[in-house]
Amino acid sequence: MPAVTTFTIPYLQVLDEHGRLDAKKDPRPSREVALRLYHGMVRAREVDDRLLKLQRQGRIGTFAPTTGQEASSCAPALNLTDRDWLVVSFREAPAQLMRGIPLFRIFLYNAGFEEGNEVPEGSRTLPLAVIVASQALHAVGIGQAMNLRGEKDAAVLVFLGDGGTSQGDFYEAINLAGVWQVPVVFVIQNNQWAISTPLARQTRAETLAQKAVAAGIPGIRVDGNDALAMFRATREALDRARSGGGPTVIEAVTYRMRMHTTADDPKRYRDEAEVEAWKAKDPIPRFRGYLEKRGWWDAAREEALVSEVRKEIDDSVKEFEAEAERLLREHPDASFDHLYAVPPAALKAQREEFLRRVRGEA
Amino acid sequence: MAKRNMVEALNLALRQEMERDPSVIVLGQDVGINGGVFRVTDGLHARFGGDRVLDTPLVESGILGSAMGMAIGGLKPVAEIQFDGFTFNAMAQLEGNVSRYRSRSRGRWTVPLVLRFPYGGGVRALEHHSEAREALYALPGVKVVIPSGPRNARSLLVAAIRDPDPVVFLEPKRSYRAFKEEVPDEEEVGVIGQAQVVRPGTDVTVVSWGAMMRPVLEAVENLAGEASVEVVDLLTLHPMDVATIATSVRKTGRLVVVQEGYRAFGPSSEVVAAVLDEVFWDLEAPIQRVTGYDVVTPYFARESLYLPDSARVQQAIRKTLNP
Numbered sequence: 001m002p003a004v005t006t007f008t009i010p011y012l013q014v015l016d017e018h019g020r021l022d023a024k025k026d027p028r029p030s031r032e033v034a035l036r037l038y039h040g041m042v043r044a045r046e047v048d049d050r051l052l053k054l055q056r057q058g059r060i061g062t063f064a065p066t067t068g069q070e071a072s073s074c075a076p077a078l079n080l081t082d083r084d085w086l087v088v089s090f091r092e093a094p095a096q097l098m099r100g101i102p103l104f105r106i107f108l109y110n111a112g113f114e115e116g117n118e119v120p121e122g123s124r125t126l127p128l129a130v131i132v133a134s135q136a137l138h139a140v141g142i143g144q145a146m147n148l149r150g151e152k153d154a155a156v157l158v159f160l161g162d163g164g165t166s167q168g169d170f171y172e173a174i175n176l177a178g179v180w181q182v183p184v185v186f187v188i189q190n191n192q193w194a195i196s197t198p199l200a201r202q203t204r205a206e207t208l209a210q211k212a213v214a215a216g217i218p219g220i221r222v223d224g225n226d227a228l229a230m231f232r233a234t235r236e237a238l239d240r241a242r243s244g245g246g247p248t249v250i251e252a253v254t255y256r257m258r259m260h261t262t263a264d265d266p267k268r269y270r271d272e273a274e275v276e277a278w279k280a281k282d283p284i285p286r287f288r289g290y291l292e293k294r295g296w297w298d299a300a301r302e303e304a305l306v307s308e309v310r311k312e313i314d315d316s317v318k319e320f321e322a323e324a325e326r327l328l329r330e331h332p333d334a335s336f337d338h339l340y341a342v343p344p345a346a347l348k349a350q351r352e353e354f355l356r357r358v359r360g361e362a
Numbered sequence: 001m002a003k004r005n006m007v008e009a010l011n012l013a014l015r016q017e018m019e020r021d022p023s024v025i026v027l028g029q030d031v032g033i034n035g036g037v038f039r040v041t042d043g044l045h046a047r048f049g050g051d052r053v054l055d056t057p058l059v060e061s062g063i064l065g066s067a068m069g070m071a072i073g074g075l076k077p078v079a080e081i082q083f084d085g086f087t088f089n090a091m092a093q094l095e096g097n098v099s100r101y102r103s104r105s106r107g108r109w110t111v112p113l114v115l116r117f118p119y120g121g122g123v124r125a126l127e128h129h130s131e132a133r134e135a136l137y138a139l140p141g142v143k144v145v146i147p148s149g150p151r152n153a154r155s156l157l158v159a160a161i162r163d164p165d166p167v168v169f170l171e172p173k174r175s176y177r178a179f180k181e182e183v184p185d186e187e188e189v190g191v192i193g194q195a196q197v198v199r200p201g202t203d204v205t206v207v208s209w210g211a212m213m214r215p216v217l218e219a220v221e222n223l224a225g226e227a228s229v230e231v232v233d234l235l236t237l238h239p240m241d242v243a244t245i246a247t248s249v250r251k252t253g254r255l256v257v258v259q260e261g262y263r264a265f266g267p268s269s270e271v272v273a274a275v276l277d278e279v280f281w282d283l284e285a286p287i288q289r290v291t292g293y294d295v296v297t298p299y300f301a302r303e304s305l306y307l308p309d310s311a312r313v314q315q316a317i318r319k320t321l322n323p
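Those sequence lines, one after another, are chains A and B.
Residue 180 in the working numbering sits at position 180 of the first sequence, and the numbers go up by one each step.
Residue 51 in the working numbering sits at position 51 of the second sequence, and the numbers go up by one each step.
The following block holds chain B by itself, in its conformation from the complex:
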């Protein structure tokens, strides 16, 4: 096994899938010779050449729209958009075509592509480079995957590439180089649609995903001895693994949901609604949500004040235990 950060783990997934399947290609801005602005595609152009690692002009809608055509045309494109804030130029393609092509063509034409991009704050970047808007991609016909660490990033990207449907793959850029994990060279294929209980507990369930998993685990660490916390990492946002969440809340009777992005109409709302649907009578305390505020993503000078942190998570856990 080798220790790898998330960038290296994603790079490994891409490299191995491209070796395994000649129909897998990569396209995006600066993904070739430059290796991607975060270096996720580093070395792929040298290894596989310009016909499989395509540097595109500055065209987000073009990247996703043409990737869809390539998918229909028999390739498995892995399209990169440079930053979260620039994906919105491609939203017309995602909503209007990519998400619904299997349906529109009554199963005749399918779109097995991956749209990957870095998301979220915490890296002191410019406007539109720190957005956490993951709910906006959760369209019927699309799967939304968000890894939280190097190992699941690698295995889930492999799964996303092999998935027969379009997968939007959000990479927590704050976690790109923040820590390393053992990531084996041998193949590991994640399961899309499956959440993971990353830490068992009995008193309260905390549900989160992506970059928020680190402050969540830190908070749980800080509460050791005070509370037995079960932590669920969603990993796939859409379709959501309600069964795993419900099983946990049925056991603990208490729920905290932690979301980086602004509060209104976010994934945390969906988690809460699902829990109310499934296990309302098992709840022992009001549900707590730790989220961003309903404001435009703050510029970086103040962003750390607005991003949920372990202190807020701890406070929310205590609140569910002492309602």
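If we strip away everything but chain A, and leave its shape as in the complex, we get:
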């Protein structure tokens, strides 16, 4: 039988795991941009380490570690302009930080405070989504609002995970994205594991990028641990979206180096040898090698960066703990805030009763 259609999925890798550069594909970021990206990646790794320590000490709650996914999270976010939107799921702290979400808010969120979700005024960034893949539809809606309102030169970047690609919301989102030709870039963090479910048990498809084919939109697979490849793929997709070229699905092939969340024990289902093998593909030293070859980086700068970041983290932890203490003392009734534009009378009465009780007056 003749084929009605066939497809190919391109693969982009610029800097391989041995640090070999494919010069023809090098997006050649400026020194300033490259160093900002590297700073974001190192900062995210250090934040992840600190979050894990704080969790083990009982100072924050359960959180979703990001170690190993710094390139695939930071590089797309770095390419955003202030006019673009960022829509994240729950394992995207590196992108949130790159976007300018204050570090102490990340700590506050993970310590169980609604205030951790606050986005700086003027920033087109949504609070993180926990309901898997639900955010993909919101991104499409924002993109369609741009289409309908005639807003040009802006795009939406949305992150989801490999597990998320099984959800109905994901299929609905890419289908709508194709039908409406929205300026949305989907980045699928294929970190190989959805809690205990390996990719091979998540889908029979050879790639996640090819799911775009069914929606009639371009899909590309990228080495997610290659900061240059992620930088280039997302820059091109965002440029296309901003100029009316429609949506793109980018599958970032990466690895969840740590547990799903701190409530999870991957030793029950995952071979440690697999984790060891991925350590050799770590995105941070790989990108550092590139910077060194370009003469932009050395051991002294590395040392200075790490100590600067750790100092910032120390300060942010102090800031967050002081804020957490203040919020509990001064604002126990935060859950009554922001439910409606105008609070109904019955809710006001509940709030008063709540406050009397919490203050020991009732």
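FYI, nobody ran anything at the bench for these hints, they're computed from the structure.
None of these values were measured; they are calculated from a predicted model.
Mixed in with the good hints there might be a few duds.
[To be verified] Computed Cβ-Cβ distance ranges for the label pairs, DEER-style:
#1 A:T81 / B:E218: 52 to 58 Å
#2 A:T81 / B:T110: 55 to 61 Å
#3 B:M91 / A:A341: 22 to 28 Å
[Unchecked claim] Here are some chain A residues pointing at chain B (derived, C-beta under 10 Å):
#4 G61
#5 Y109
#6 V132
#7 D162
#8 S166
#9 Q167
#10 S196
#11 R268
#12 I313
#13 R351
[What the hints assert, rightly or not] Every beta carbon over 12 Å from chain B, so not counted as near; a handful from chain A, in silico:
#14 P2
#15 E32
#16 H39
#17 F63
#18 G116
#19 G150
#20 G161
#21 D264
#22 R310
#23 A322
#24 D333
#25 L347
#26 R357
All C-beta atoms in this analysis are idealised placements derived from N, C-alpha and C, irrespective of residue type, glycine included.
Since the structure of chain A is provided, determine the placement of chain B on it from the hints.
Showing chain B alone in chain A's frame:
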């Protein structure tokens, strides 16, 4: 008899029902090799294999929708959804199909499945991991069961699996490992649709269910000598055992209802309405409700301030005694 916590008791129910009936299968995310995120299905994959303990992709609607197909196809699926907040992705299947398939097919096709998931707060979890929304599942054609301790969790899960209709089985995650009870190895089958008077009394009736039973019993303990409190554990939310509640309130003349979730349109409203229908003239004091507030489930830093506790229950009991 062996002392077991609720996780172990539920695991025992699943294991024994799977041994007893080869058509019973388990499906859900991470229920197999990982044994479930709360370990309720621990060891079942090793014992029964991947054809009876199915690890699914990340698909809540798919879990419930395919479980319904399996039920029609001759199996007895016990489907797990990982957390309360994720069940809403499956609500279209529950409302649109599972609840009404016996009716739609005029009795030809039935859906003997169990949808089980952990619910409620108190474990310092992330958003969508601490919801108490039990009234939302109380649809015509569906039974809603909420155990309160290891022993009734085990016997009611057995009953749910053997029930000819779909049962939504909410497990109070705060009680999963909080305490142990004697749970015999020998078969015990609970009765769905039957509330239990867990403590007799004469002055006031307290009705509650699930995770709230512990603060209720603590409050009653604290009031020993002051008030004789009769405590009713609903166990089945829907259809509600109004007769047991009415008999108790007829005797005591006073009622307190304790509900973890937000106040509006919750099960406590239904309890109060049923009591007003049945025993209005026997009431001696206004009914008291202890509930959550009408807010989005608070994140965990402040959740203990919002969750009903024994102090609030005590206060409500005193209020009905001294109106």
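For this session: Against the structure, test the hints numbered earlier, and report the numbers of the ones violated in rising order.
Result: 12, 17, 18, 20, 21, 24, 25, 26
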